[in-house]
Structure formats: structure tokens, C-alpha cells
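Make the full structure from the sequences, and use the hints.
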Amino acid sequence: MNTRITHGERIFNACNIMICALLSLCIIIPIINIVFASLSDPIEVMKHQGLFLRPIKFTTSAYAAVAKNPNIITGYMNTLFIVVTGTTLNIVLTLIGSYVLSRKGVMFNKIFTMMIVFTMYFQGGTIPLYLTVQAVGLTNSRWALILPVAMNTFNLIVMRTAMASVPDSLPESAMMDGAGHARILFSIMAPLTKATVAVITLYYAVYHWNSWFNAMIFLHKKSQYPLQLILREILIQDDTSIMSAGGADALALASDTIKYATIVVATAPILAIYPFLQKYFVKGVMVGAVKG
Amino acid sequence: MKYHHTGRRQTGMVPCRELPLSEKFSRDWTKNKSLYFLFIPVLFYYLIFHYGPMVGLLISFQNYKPSTGFFHSSWVGLKHFKDFFTDFYFQRVFFNTLKISFFTLIFTFPMPIILALLINELRGKLYSRMVQTITYIPHFISIVVVVSIMMDLTCKDGAINQFLSLFDFKPVTMLNDKQYFLPLYVISNIWQNIGWNSIIYLSALTAIDSELYEAAKIDGAGKLRQLLAITLPCLLPTIIIMLILQVGKMFNVGYEKIILMYNPLTYEVADVISTYVYRKGLLEMSWSYSAAVGMFNSVISFLLVWFTNRLSKKVSGNSLW
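Chains A and B, in that order, are what the protein sequence lines are.
Counting with my numbering, you get residues 1 to 292 for the letters of the first sequence.
Counting with my numbering, you get residues 293 to 613 for the letters of the second sequence.
Bear in mind the hints are in silico, worked out from the structure with no lab data behind them.
We treat Cβ as the ideally placed atom computed from N, Cα and C, and that holds for glycine.
Please note: incorrect hints may appear among the correct ones.
[Stated by the list, open to error] Covered stretches of chain A (in silico footprint by chain B; criterion: 3 or more residues with CB under 8 angstroms from a CB of chain B, positions within the stretch not fixed): (1) 45–54; (2) 63–76; (3) 92–100; (4) 104–111; (5) 122–130; (6) 272–280.
[Stated by the list, open to error] Here are the simulated distance ranges between beta carbons: (7) Y381/B x A195/A: 42 to 50 angstroms; (8) V166/A x F373/B: 42 to 50 angstroms; (9) P525/B x Q237/A: 43 to 51 angstroms; (10) M114/A x C526/B: 27 to 35 angstroms.
Shown next as C-alpha cells:
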């Protein structure tokens, strides 16, 4: 093993460390800025210009205001419902689909696979989807955010590849012992592919947590809005009526800090889970790309 | 196996007769019935929510009205397509789509590759993990939040204007200004995806046999030479697959982000086919017309994937199918 490090390499390594540090800062500062601003005093935030590199006159009053805001609370509840129900349905259907498609000697699997993969490359588009959802009678229901995205083809293929890598002898011997397909799937195949199941669960949950477009086109009652749509009204359309629901006096002074606090509250749960699943990412992303 | 086969042919034994199709079906059915039953919900999902809308595209040949419904609306042939091609906005949305996706592609595509190469060269394990963890974060932040962070940073008294004013730059609300739309769109895209998209290249890099590098070092190859002769050729299949996927998505520019970012002041540079479909269809209720525009988009997307895939198969032997 040659351990001699040349002069040039040493300079390269130093530059590399610097570049990576600079890039990480560029990525993290906009986020930290929001967190610190949300923890600062509302009046200071109004006066302050530029980035917050530390909280100014630390206070959590903005979070207290967010916790009292009825629109944000119903948004949170709707999002929780959609994430839990949607992700459960996603996982069950994806497991079923990938199990069937990964079985050998099933005559129609080839046709099914072609039919499913085709939808990755050709879609009807927004308008026909809207009309379909309307025809099924889902508009103005939170199910419109769940059923039309009950599966994702990319995740299905990732899962199928994982299932196909389980040796055939395992499900076959279970079959001889008299287990049915459903039992084999949920008590043998799913535990054996749990790394992939974990990644896919994360993908689906993040998707549901962050999605807003379908909610915007399918829902018209504010009481059904998920958090992201409420966020859009507060942050991007600058609709202050939502915030004044927490009390008009709060609005006058604290609207900026409340905005920042809302962003933090809406983003933190996802960011809190992801480091635990990080070690599985490579696996999930890899498998999917190999057989896109 | 092979011997057995040829042996059979030589002795002229009865060739294996193909079973009649109906017989094949019934055998398959007895064997796999329960699997097919299990598959029903999946099949229904795809039929309703993917093939349903494809059938729904037929309304672009109709004068669809919700009051008369799909089955009783009158057929008008290619009228809506002709209208679109002669539409005042056709050129605008078509070229904006091309422009935005082209610039996004050439600026964002190489970034994750460069990042992966840099991370791969980092000596400290802990430091490299930290850089990865940080750069992945934006992928998990919703577009609504990304755009609102962008608005906050680029508004008239925001941090970016603050910084630029050090260089005699007159503060402007950047999202209301046409000339900043494209740079902001592209830069925020890089911010969102550079880390996440580097994962795949990183894992391809770790799969490269380290003996190759040892041998190159013995032959006196420097870092640059190793990069050009070993690393990049080994990454090429991954790069090509990713490129095909990206090119295929060119006509599906991130319309969700554009809808959040643009406003009437920037429509001229920001309006793309998908956002136009959204406004025409869901806000102005021109169902058939917007379905026709959307279909134009879908067909071009599909042809683009098909074409790039064929091209790459011919040139490099890498392909999606």
C-alpha cells in the first residue's frame, strides 16, 4: 500500500474540505436562518435586516401563537390523517403488487408489468385526472389526496426488485406447509425485505406530508386543507385572514415570526425521522435506478 | 441441458408441441388464481387512475362540457390542437418550457456528479457523513417552504439584496422581476437536489474496484489521470441512465414550483405548457382545450424518452428498456 501523499494531493485535499464546507454552509444557512428568526423577538425581526445567525432576544412566543391557531391545527390534523392512511394504503398495495409481479411462471405478469411501466412514461395529465377523480366522486373529499396516489410505479419497481432477490425456496417451502399467498407476503417476504420497505415508507410519507397541488385542485373547504396548503396561503399568497384567527393583536406584531415558526413546525417532523433511515437510502435509490 | 436439446433434434424425436392457448390459460388460472385475486386492487388502481385519464384525453377531440358529460359532448376533431398551434401564447409557453428545462438540465445535472466526486475524495469518515447528511436535507423540505424561503431571501429588504447592495446593487423584489426568474429557479433546484441526486453516483463510486486505482498509481498516473481513465468511465453507465431519465422529464418541468413562484409580472418568462394547462383548464374551465395542450405535452415527453433511449442504446449500449 502506497501511503506517500504528494504535495499536490495535500493541496487538493485541503481545497476539497473547504469546498465541501462552503457548500454545506450554503445549504444549511437558509434553513438555520428561519429557525433563528422564529425564535427571535417579533419587533427585532421587523427591524433586523439580513440573515439571523443567532436568535435575537430569544422567545418562543411565535410557537405559542402557532399552537393556538385553529387553521394550522386543523391543517396539521388533516395532514396526519392523510400521511397515516395514505402511507398505509401505499405500503399494502405496493407490497401486494410487487409480490405478484415478482412471482415466476405467472402468465399475465409480463403484460401487467408492461402496462404499469408504460404509465411512467405516458400520463393523461392534470385535466383528465381531475375529471377522472370527479367522475369517481372524490372531489371535496380528503380521499382525493389518497386514492389517486395509492401507488407509485417507481416504488413498485424498487420493491419488486427487492422481492425478486429473495430465494424462491423460502416462499415455496412455506407454501408446502400450507401458507397462502397473503400470509407468505406479510409474514415472510415483507420482513425479509424490510430495508427496502423502510425506504419506500419514508418516500411515501414524505410525499404525502409535502404535497399540496392535488389538495389545491381537489379540495375547496378550508376545514379539509392539509398543512401545506394552509402554509401556501399564509406564506406565498400572504393571506393574513388565516393568521388573524389566532387573535388580531397577535397578527399586528408577530406575523413574520409566526410565519417562520409555521415553517419550522411544518418541516421539523420529516427532518427528525430522516437521519434514522439515511443508511438505507443508497440501497433504495440504487435498486430503483438499475431497473427504472 | 444443451446436449439434451441437440441430441433430441438429431434423433428426430417428437418435437415439443406447443399447447393450445386456451389450455395454457386454464393451466395458468388453476395454478395462479389466488395471485390474480390478490392483484385485483392494484389492477383497478392502474385502470382507474392511470388508464382512466388516458381515455379521458379523448375529450381533447370533443367540445367537452360538464353538463353534457363525456358521452354526449360533440366531437370536433383536431380543432383544439389547431387552436393551440395558432394561439398567441403557444410560442411563449413552448419556448419557455424548452428554455427552463434546458437550463435546468445543463446547470443542475453535473452538480451532483461533482459533489459525489468531492465527497468520495474526503478522507475523514465523520466529515464526509456530515456533508452528506446536510446536503440531503433540502430534498425533504416541501416546495411550498422552499419557495417561501426563496421569497424571504430575495425580497427587497431580504438577505440577498442586503448582500448585493454592498456592491452598489439597487434592491429589487427579485421574484417580481423577469430577469431573475430563471436563475432563481435553477439555483433553488440545485439547492434542493444536489445532495440527494449525488447518492446514486456515490454508490456507483464505491463499487469501483480499488485495485484499478492501485494499478494506475504504480503506473504513475496522477489524480487527474485516474479521474479521466478510471472514475469517469466507470461512472458513465450511471450518468447516461440518469441523463435519459432527465431528458425524458424535460417537458414535465417543475410546474408545482413555477405555480408557486410566478405571478402576472413574470408570466412572460415563467409560463410553461403545464402551468398554462392548469390555468386554462382548472381556472378558466376550458376543459377540452387544456386537455389538448396537455396531450401535446405528454406525447412530446413520451417521444423524447423513447428517442433518447434509442440513441443511447445505439451509442453506448445503456438503456432503460
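| Structure versus earlier hints, numbers of those that do not hold, lowest first | Violated: hint 2 alone.
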